[in-house]
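Below, each chain spelled out in residue letters.
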Amino acid sequence: MGSRWTVPRVLALAPDAGSAKAARGLAGPRTWSELGSTESLVWGKCQGSARAPYQVTVDLTEPAFRCTCPSRKSPCKHGLALLLMWAAGDGSVADLEDAAPFAADWAAHRTTRTAPAKADPAAQAKRVAERESLMSAGVDDFELWLHDLVRQGLATARRQPAGFWETAAARLVDAQLPGLADRVRAAGADIHARADWAPHLLGELGRWYLAIRAWRHRSELDAAAMGDLRTVLGWPRRRDEIGDRVSDRWWVVGLSLEEDERLLSQRTWLYGERTGETVVLLDFAAAGQALKVAHVLGSVVDGEVARYPGGSPRRALLTGDEHKVTPGSGLPHATDVRTALGQAARWLAGNPWLRRIPLALAGMTVVPGDPPLLADPGGAALTLAPGTDLWQLLALSGGQPVPVFGEWIDERLHPLSVQVDDRLVAL
Amino acid sequence: MTAWDDLLGTALVGTGRRPFDLGDSAIEGAARVTADSPEAGVLAAAALAAGYRRAGWTPRIWRGTPAPPAAPDERPECTPAAAQILELLLTRSIRLEVGTELLTLDWLRAARRAGRRPPHRLLPELLRFGTTAAATRALVKDVAGPRGAWLAGHNPSWSWAVTVPPGEVAGRFATGTRAERLALLADLRSAEPDRARELVEETWTTEPAATRAGFLDTLRTGLSGRDEPLLERALDDRAATVRAAAAALLDHLPASSRAGRMAERAQRLRRDDGSFDLPGEPDESARRDGVTDHREPGLGRGASRLIQILAATPLSTCDSGVAASIETADRDVVLGWTKAALHQRDPAWLAALARHQPTPELIAALTPEAATEILAGQGKLDARFGGLLAAAPGPWPAGFSLDIVGRLRAGKAEAVLRLAARALAEHLHPRALAVVEDWLLALGTGHQATSRTLRGIAHALTIRATILQEFT
Numbered sequence: 018m019g020s021r022w023t024v025p026r027v028l029a030l031a032p033d034a035g036s037a038k039a040a041r042g043l044a045g046p047r048t049w050s051e052l053g054s055t056e057s058l059v060w061g062k063c064q065g066s067a068r069a070p071y072q073v074t075v076d077l078t079e080p081a082f083r084c085t086c087p088s089r090k091s092p093c094k095h096g097l098a099l100l101l102m103w104a105a106g107d108g109s110v111a112d113l114e115d116a117a118p119f120a121a122d123w124a125a126h127r128t129t130r131t132a133p134a135k136a137d138p139a140a141q142a143k144r145v146a147e148r149e150s151l152m153s154a155g156v157d158d159f160e161l162w163l164h165d166l167v168r169q170g171l172a173t174a175r176r177q178p179a180g181f182w183e184t185a186a187a188r189l190v191d192a193q194l195p196g197l198a199d200r201v202r203a204a205g206a207d208i209h210a211r212a213d214w215a216p217h218l219l220g221e222l223g224r225w226y227l228a229i230r231a232w233r234h235r236s237e238l239d240a241a242a243m244g245d246l247r248t249v250l251g252w253p254r255r256r257d258e259i260g261d262r263v264s265d266r267w268w269v270v271g272l273s274l275e276e277d278e279r280l281l282s283q284r285t286w287l288y289g290e291r292t293g294e295t296v297v298l299l300d301f302a303a304a305g306q307a308l309k310v311a312h313v314l315g316s317v318v319d320g321e322v323a324r325y326p327g328g329s330p331r332r333a334l335l336t337g338d339e340h341k342v343t344p345g346s347g348l349p350h351a352t353d354v355r356t357a358l359g360q361a362a363r364w365l366a367g368n369p370w371l372r373r374i375p376l377a378l379a380g381m382t383v384v385p386g387d388p389p390l391l392a393d394p395g396g397a398a399l400t401l402a403p404g405t406d407l408w409q410l411l412a413l414s415g416g417q418p419v420p421v422f423g424e425w426i427d428e429r430l431h432p433l434s435v436q437v438d439d440r441l442v443a444l
Numbered sequence: 044m045t046a047w048d049d050l051l052g053t054a055l056v057g058t059g060r061r062p063f064d065l066g067d068s069a070i071e072g073a074a075r076v077t078a079d080s081p082e083a084g085v086l087a088a089a090a091l092a093a094g095y096r097r098a099g100w101t102p103r104i105w106r107g108t109p110a111p112p113a114a115p116d117e118r119p120e121c122t123p124a125a126a127q128i129l130e131l132l133l134t135r136s137i138r139l140e141v142g143t144e145l146l147t148l149d150w151l152r153a154a155r156r157a158g159r160r161p162p163h164r165l166l167p168e169l170l171r172f173g174t175t176a177a178a179t180r181a182l183v184k185d186v187a188g189p190r191g192a193w194l195a196g197h198n199p200s201w202s203w204a205v206t207v208p209p210g211e212v213a214g215r216f217a218t219g220t221r222a223e224r225l226a227l228l229a230d231l232r233s234a235e236p237d238r239a240r241e242l243v244e245e246t247w248t249t250e251p252a253a254t255r256a257g258f259l260d261t262l263r264t265g266l267s268g269r270d271e272p273l274l275e276r277a278l279d280d281r282a283a284t285v286r287a288a289a290a291a292l293l294d295h296l297p298a299s300s301r302a303g304r305m306a307e308r309a310q311r312l313r314r315d316d317g318s319f320d321l322p323g324e325p326d327e328s329a330r331r332d333g334v335t336d337h338r339e340p341g342l343g344r345g346a347s348r349l350i351q352i353l354a355a356t357p358l359s360t361c362d363s364g365v366a367a368s369i370e371t372a373d374r375d376v377v378l379g380w381t382k383a384a385l386h387q388r389d390p391a392w393l394a395a396l397a398r399h400q401p402t403p404e405l406i407a408a409l410t411p412e413a414a415t416e417i418l419a420g421q422g423k424l425d426a427r428f429g430g431l432l433a434a435a436p437g438p439w440p441a442g443f444s445l446d447i448v449g450r451l452r453a454g455k456a457e458a459v460l461r462l463a464a465r466a467l468a469e470h471l472h473p474r475a476l477a478v479v480e481d482w483l484l485a486l487g488t489g490h491q492a493t494s495r496t497l498r499g500i501a502h503a504l505t506i507r508a509t510i511l512q513e514f515t
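Protein sequence lines, in the order shown, are assigned to chains A and B.
Start counting the first sequence at 18; every next residue gets the next number (the working numbering).
Start counting the second sequence at 44; every next residue gets the next number (the working numbering).
It should be emphasised that the hints constitute simulated quantities derived from the structure, not laboratory data.
Think of the CB as a built atom: it goes at the ideal place given N, C-alpha and C, for glycine as much as any other residue.
Take the hints with a grain of salt, since some may be wrong.
Claimed, not checked - Covered stretches of chain A (chain B as the covering partner; in silico rule of three or more C-beta atoms under 8 Å from a C-beta of chain B): (1) 356-365; (2) 377-386; (3) 413-424.
Chain B on its own, in the form it takes in the complex (with noise of 0.2 Å):
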């Protein structure tokens, strides 16, 4: 037992339970220090005994190995004023009206584009930015670069940013947990889709169901006609939902067999004036193909499965001109032709279809060119076109921008203006700023709520313009 041990032990009962002599104490430097008390004498000990062991503080030894070091990032880091916005955004020291979210994807994008990277330092804000906002990790992980990988694969709740080494990847698909391999096919799907799926193929018949039905969705990511063969074996699969996934997949590949013969299924209801018969009762071959009982809202039985075919067909089989069909076409051929359209992304559908019944839906699958020609042309500023023109795409081009200001402000369409709000702050063109301060400035008193929503935009677009002017 050391001196300080001993110590120790009477302090912590008291020396009103064990005496203490400062005189016996084998204490360093005891001898020259005076007490008139057990209580003095333990005070005057730990006095010199506390400067011996501070001074005398020796380090410990750590014999580990250090884990390997980050992989070199060959960009450039980020203007200061580039890196000193992404700060405020993520650490949401700016307050914006439309969420700074939408900001912080414009800056990753910016930078991705140039090909700078964000300072070492801002790294764990991304990331926990990433780990919110699950939509954006693809483009945070690319940001992020290798540093931000390896940074991840210290901490748990990043594993989404990490990057697997090649050579790791089948080893890991075999022993993960089942998020873990998900992860590993999102992720490798993105970079090799031939690779992931042959890993898919590998354990097929081995998987429980739901594990199957939940690797066919992360086929989405590049899907392509060289995932055929596995989509229409999983059309004869045991479970329903693994069959309804490998369906809805086939929807997108208006190339494949299946395809075809829904195109036939369509073709033999098609009477000569382009009009359809309502089909019957499905055959067996045409609910392997996927055609359901199930009904979509308002309409029959047959409604419902002549728009379930006319999804699955390709456009390209329509032989009649676009435009004059949709014209004259029945309400619920139409509904089949926008599913067909949506999922196989043929543009001059979207936009005839667009043209005439505008959806939210459609105008967010076309150009922006293409949606904002159409809003451009909607007369009515009601709520119905505030929600077209949130979900229009971006970016809008300058005299729409301009324009559409000028509309809502004439029109004093303030429900629009907010209901529109983060689509005019995501979207507009910078030169629209000045208008919007205009509209602002003139704006009186009573209009809280709308010179807030302005405000917001104001402040979003002069913020997006000085992140692209960093970026340039």
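Isolated chain A (complex conformation) (with noise of 0.2 Å):
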């Protein structure tokens, strides 16, 4: 996917007025469900005057529209509709890693009849062209906004409506920057949230200003932190990019699900027992649909993973179909808090911008107070994010030191699972 297209550019593929008209009035997420993309297909369901949805499909490349209604027009208004509302960027269409089925099939039924229509390197090196100016652009315009927040200050900025980090975010995402636009928001949020919000929030500017310093120097990366880069900014990987593999046998250790109105994401923490490396899956779905089913924590995959490039801890695929799985015994590589740390700080030294950092904790003492705490025999203390469960927490563990993983983010420890006897709970 090059830049994401234009309004006008949508509008120009209509066969004639009605349907733009038509269209216009059907681009409202109110009666369209399991809306996503991936680089190249934009799909969605239509609810129309027919019982069954229609399956609307668009294949960007040419562009080639497929849809269930019974119009003869090509495309369709659903067709038309689907691309206004993806062109319009504002997120009701889920930027997704695979098809939904009735899309990828069609797709999949395309490209053997269209074959060999390989994906022509000339145009895709210059839709590539494309995203990296407009994103170039992006980044001189955000660096503006970050010199204009520090001459007027933090503290100013702290006074600003929670438009103006809106704002800000919104324009980064017109510029396929989604990723620092998520960092912004969460910015602005925290800067009202937290006690320590102007050390955190300077460490943030230092953060996205790297990231575009990184981005003008691009060319002089190497594979690894031009990967780093490519998460923070949020340009994502396409799936055959990623070759990188290797065998183990990967302990379950933590899963985390976050939900907003329209991605529903699952991280999974695998443990490698002969790497002692720790890698990352990350599944997504749209909002009201089923992700992919879960990995059971504490159990034991045996199998080989695809790493994306970047720096450890690394985002990964379990690749393959058939993986043996058996049942584990709770945290192989917990440590004490100092220890921890220290491999945080190796893998910071990797990844300026990692943010969430993996723990694993053992004989960690839940410590209730105000703010809790869990800390460790030698009293090596973290803090809880607000929103742990507590409670849960304390409940698993009856008083006694456990073992718990978790992920330390911004320097406030959230629990993702606890070790009782030999196995682990998820919280």
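Since each chain comes alone in its own frame, lean on the hints to assemble the complex.
Put into structure tokens, the structure is as follows:
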């Protein structure tokens, strides 16, 4: 996918003025479900006058349209409306890794029929160049915004209404920098939610600025650094770009599920018994859709993963279909707090933007209080994130020191699992 | 001032007001970075410093003493399927027409019977359940076990579930608030009733009237003849509320000397034919024993006094045959006996009275067998019957369960069905599931309310059967 299309570019495809008008009327999320897009496909289901919703799919490379409605126009109003919503870029059409089955089937069918429709390398290079120039413009714009913010001071920024952060984030989305947009939005919320908002915001500004400078020097970056930069900017990898494979017995040590109004995301943390490497699997689904079946916490998956380019801990995909799954016996790699933070420092040296840092901690005592803490046998303590279910943590520990796995985010621990006897229990 | 503090100070007020030069800053590594404006300088310095700060972050040291851990729980954990049912019930993820509370209670009772515990992770939800449904607390506390009691100690809103160690009871009773002392007594009363009463007696004379009355109410649990001296003493209390509370408790002790005095009063009023004279103005001793000027609805002063006297008279002193005397007795006399039977929990009298004129109160006090036998003999499936059925205790025998569903269906008694839906869901024998489902299938359109109720009952029966199966 190159840059997101503009509305005029979509409407130029309409076979007549009536279709364009009808498409504009249909281009609202009300009548649509299962909306999603990948690099090359946009799809969704539209509830029309028929009982079953029409299945609408657009292949962006040509573009080619398919809709199950009876209209003989091509593209029909449903296909146009779908593209209009996608072009609006307001997030109603989720960016996903995998196409919905009905869309993927059609695309696969088309590829075999129009074979050898090998992606045209020249066209692909052109699309990448388009995206890069859009991103570069967005990065320049973001730098000016950061300069303004620093000139006026963080204290002034704190008095800004929520719209100040939202507008900046929306512009980053338009410039195909959704990763930065998410962090700007989060910073706008944190500024009122955290007691240490000022040092936290200054640290965030530093990391964003680092991304700006890194983007300008991207031709000098190695593959891993480029991978981390792409993650922070929000430029996803295509599946065929990952190939760095490693086999191990992977212990499923933590699961976390997050849901907002349009996306369900699941992270599965794996620890490789032989390599000692920690990787994370990411799965997404549009809100209201089912995720791929989760891995069972505490089990051990014997198999091969393909790792995305980047610094450790790396994102990965489980490859192959059949994996041998056996029960595990808890957290194989738990350490005290200092050792775990030492590991975190080594990871941060490789990836300065690393935000979710997995920590496997042994012998942690739950200390209720304000804020509640987890302390290791030496007394080294981590602050629990607000929103942690302290009661459940206490109930599981019974006041005994327990091994805990969690994500350390912005200097606060979000516990994901606790080892009770030889079993991991999700929080 | 560290280089970071200096940087933060500049960033807070802005480079518009305070200059910043990256080269002059003491930020590590600044010499290797260029910045062509003060803003770029602050941002570059922040980028460098943020990396050092995060990577070099040191944990704070906690120097407190950990609280003592929970006592071990020897009970084995319930099966994963049972745990899943409990979780669905507690989080209300299953929706039931008849409510999830009674099934939760079924689960807890089954777990208690089987001597198994819920998984620790469900304890917070379980304690939340007990906090809202106060009547279930004793059961919840039992099932939650030592880990639950320990956990409750960390959250003031769960204080009802805390078990106070025996050595600390006296101290806490002396220093607690009124509510805490009442909770303490209620707790102690179910384990060591005499010890609880002794605590009450120790400070009795110095407590305010409202506290004395509250303390007496806690004696209702585990009430026995050993409590009589205190209650007898309370009959002479300065406060009317305390005297009334004492009299109400003595109603439940047919072997007490006050019951004997009441029996003498009843004997004096009794005519040879078994009927009773109406008593006149109560004398001082009758007033002391709790005979008041309270009027029963629709009855005169004398009749109301007679009811009070009979209600406090031991039924064992009524020498004529139970059933025969009820048939011929006046309305006020029957009312007095009914109250006495309910207080004294006399099964023969309760059954006889219920046979004579069933009320929800009487039916509820019977054994399931006696209650269902009386209900089976009732001819009309009207709203009154619905009220009785709703009050009937369970579990209902299989024969009655099948029969009652059949009768309701044949009689098209959908109003009764809805009135008694909770009781049906709670008490029907598992074998009645098939007839409930049959009825549901045979139901035509236009019976949405009924089909919803039936579906709720069928659903509840299925879950209950699963619960029982998971605990065998």
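inquiry  = Please verify the coverage claim for the segment 356-365 of chain A: does it have three or more residues whose C-beta sits within 8 Å of some C-beta in chain B?
reply    = Holds, because 4 residues of the segment 356-365 of chain A bring their Cβ atoms closer than 8 Å to Cβ atoms of chain B.
request  = Count residues of the segment 377-386 of chain A with a Cβ under 8 Å from any Cβ of chain B, then say if the count reaches three.
outcome  = holds (count 3)
ask   = Do at least three Cβ atoms from the segment 413-424 of chain A come closer than 8 Å to Cβ atoms of chain B?
value = holds (count 4)
Of the numbered hints listed earlier, not one is contradicted by the structure.
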